[in-house]
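Residue numbers (the working numbering), protein chains in the order written: chain A, 1 to 354; chain B, 1 to 354.
Hints listed in this document are in silico derivations from the structure and should not be mistaken for laboratory results. Accuracy of the hints is not assured; some may be wrong.
Note that identical chains are pooled: a pair holds if it fits in a single copy or bridges any two copies.
[Claimed, not checked] Restricting the straight-line Cα-Cα distance to at most 27 Å, the calculated cross-link-like pairs of lysine-lysine (DSSO-like) are:
{"hint": "1", "residue 1": "K61", "residue 2": "K202"}
{"hint": "2", "residue 1": "K20", "residue 2": "K186"}
{"hint": "3", "residue 1": "K90", "residue 2": "K20"}
{"hint": "4", "residue 1": "K280", "residue 2": "K129"}
{"hint": "5", "residue 1": "K280", "residue 2": "K348"}
{"hint": "6", "residue 1": "K61", "residue 2": "K287"}
{"hint": "7", "residue 1": "K119", "residue 2": "K46"}
{"hint": "8", "residue 1": "K46", "residue 2": "K129"}
{"hint": "9", "residue 1": "K202", "residue 2": "K276"}
{"hint": "10", "residue 1": "K315", "residue 2": "K199"}
Protein chains: 2
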Amino acid sequence: MNFETILGSVDFLEFLRGKKATFLLSASVTKTCEIPNISQAGIPGKLYLTPTLDAEFLCTKQVRSMPDIAQTPKGVPTPALITRAVYELKPYSNIEVLNLGLEVLPQINYFKIHNFNIKPSGRIDDGAKIPALEVFQKGIEFGQSYQTSDDYVILAESIPAGTTTANATAKALSYECEGYFSSSYKDNPSDIKNQTIEKALKRVDLNGDLFEILSSVSDNMIIFNAGFILGSRANNLKIVLAGGTQMAAVLLVVNSVLRSMDGVIDSSNLALSTTKWINKDENSNIKALLEQLDFSINAYASDFDFSLSNHPALKLYDQGEAKEGVGCGGALCYATINGITKEELTKKIESFLG
Amino acid sequence: MNFETILGSVDFLEFLRGKKATFLLSASVTKTCEIPNISQAGIPGKLYLTPTLDAEFLCTKQVRSMPDIAQTPKGVPTPALITRAVYELKPYSNIEVLNLGLEVLPQINYFKIHNFNIKPSGRIDDGAKIPALEVFQKGIEFGQSYQTSDDYVILAESIPAGTTTANATAKALSYECEGYFSSSYKDNPSDIKNQTIEKALKRVDLNGDLFEILSSVSDNMIIFNAGFILGSRANNLKIVLAGGTQMAAVLLVVNSVLRSMDGVIDSSNLALSTTKWINKDENSNIKALLEQLDFSINAYASDFDFSLSNHPALKLYDQGEAKEGVGCGGALCYATINGITKEELTKKIESFLG
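Turn these sequences into a full structure, and let the hints guide you.
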């Protein structure tokens, strides 16, 4: 296993080789996921459960708030399988869950769940009604106070319909987005998504206040983590943003906040790590998103794929389904810099599916 | 490699994945081991050396106080092989020895040996003459003052004839024991053991003082560690009791102490981890022992066996010999949550036997 450098240099990830990581899962619900067919990240009608089940599975290998692990209608298993498999082969020192507006709390003990009194956000086609400044400030404060004895943090997300809200966020903030945003679908349901984004954008004054825009078109995961990143610069916390275009949107929000206050950021201890499926995706372009940042950013993609597997559900990943989520891109890069082989990882993931 | 949950939930052990452990070996001698054929944990006539040799081998891969590593007459090698192999593949952060009454001090440097001025205890068929309250209080004090920079402690034992004293202890404290206690023999020499236990129990007033009973029928390992567990609740130290029915007896003593003083315990940071050979043993029942506790307890069993080995001495384990000891059940669960594979562990253990 290896990784490719999308932007920046290999040094940051190379430096983290063999070092200790805390895995932070940002688990959040946007009711945007209730729009029919907008996301395949979970059980239709019960997508609000996906982040809860992902947290449970990642920590315990069990899904407790539902009888079966989240599978999409076509049977694409959650990328939590990959993140969990890496955890079993070379454990992160620590897993903590950030409750950024869950409908249902994960049923897990011992693992820390950080609660911020954040509620699930609304549908963006109906005005998301997020107290954006408040959520952002909670992120700032968490970043300023967060301490770890580990060497770095892998920051992941699980939020169904999150690519739609990420796309809406970036577009509302006037970034070039056309064809740049990914989807958990192989065949991106761009009509539904675009209609939703257009409806969302129509409701806001795009020249208005940044946080008012975010209140209407974004999600808690993006807003909180933009604050978390900025707040944690005080401690120079090393953060690997584990995700694809949604994590790129987090960085774009950081960028817009800095622009609005003529601020600068030392981004040398930040990176983004994603999957090959995102990196090679013809229907999105993470590099083009990241190149719009005013600051430099290291970005990497794992070269892991399921070419060593014959399992039909896993093969769907190589055909373009799912692609990213639950920090699997970051987990795969972590696997690489900790000596896990493609063979053993493939075998471990397969062992979960029976 | 994986583990099975005997009681409680997976969360405690899952939370410890990848975390740092100190390995504490309780090394002790009860002269009960001098009763012919009562134990096969060592060299006949020299069983008192077994905990010394186990400590030496675990720490240094050498046996120094005897020319050869402890082998039973049938050639069942000590489970210290397993615990050592895990240590080589994924080292415990620290090994410390608790001298709970050794005849011969292990010849090891650097590794900390905690001395408590505890003498080997007598044969229980002759009244063990243990200063039980004093030993218990030493355990309490050690638990209250014990500090570690690691995340948890694996508490193991090496005490030949320890299943006999454990069985006598539980029976004297009026727990249901019939057929529940294990033996290092495949064919449990129940006549000798039962005669010994009966002789021991006849000498004591079973309605008398708890510590008077323990003084006569128990051993230093059990009494001290019951105190250690209770004392360490002050710091909420996470402890994995690494062992089978002997460690269950430690918990039963904790239970009796609590009953005698109308006390309660927060047992959420305690667990027991044992081997598949104990978990699947038809001649004992660790679950039935643990279910008699008034408090809840997490209990796990590794699924490791020697099915990948052709070594005749190791195959004896799969036939029911030895089963547990020197914390090998806890070491195997530690191996699982630290990504060690069955293949590499089997190979490592085989490498010790040549």
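To see whether the hints hold, each was checked on the structure:
1. K61 <-> K202: neither (42 Å within a copy, 50 Å between copies)
2. K20 <-> K186: neither (34 Å within a copy, 41 Å between copies)
3. K90 <-> K20: both (10 Å within a copy, 13 Å between copies)
4. K280 <-> K129: Neither. Shortest intra-copy (35 Å) and inter-copy (56 Å) distances fail the 27 Å Cα cut-off.
5. K280 <-> K348: both (24 Å within a copy, 25 Å between copies)
6. K61 <-> K287: Answer is between: at 23 Å across copies they meet the 27 Å cutoff, but 33 Å inside does not.
7. K119 <-> K46: Answer is within: at 17 Å inside a copy they meet the 27 Å cutoff, but 63 Å across does not.
8. K46 <-> K129: within (21 Å within a copy, 65 Å between copies)
9. K202 <-> K276: The answer is neither: 34 Å in one copy and 63 Å across copies each exceed 27 Å.
10. K315 <-> K199: neither (35 Å within a copy, 67 Å between copies)
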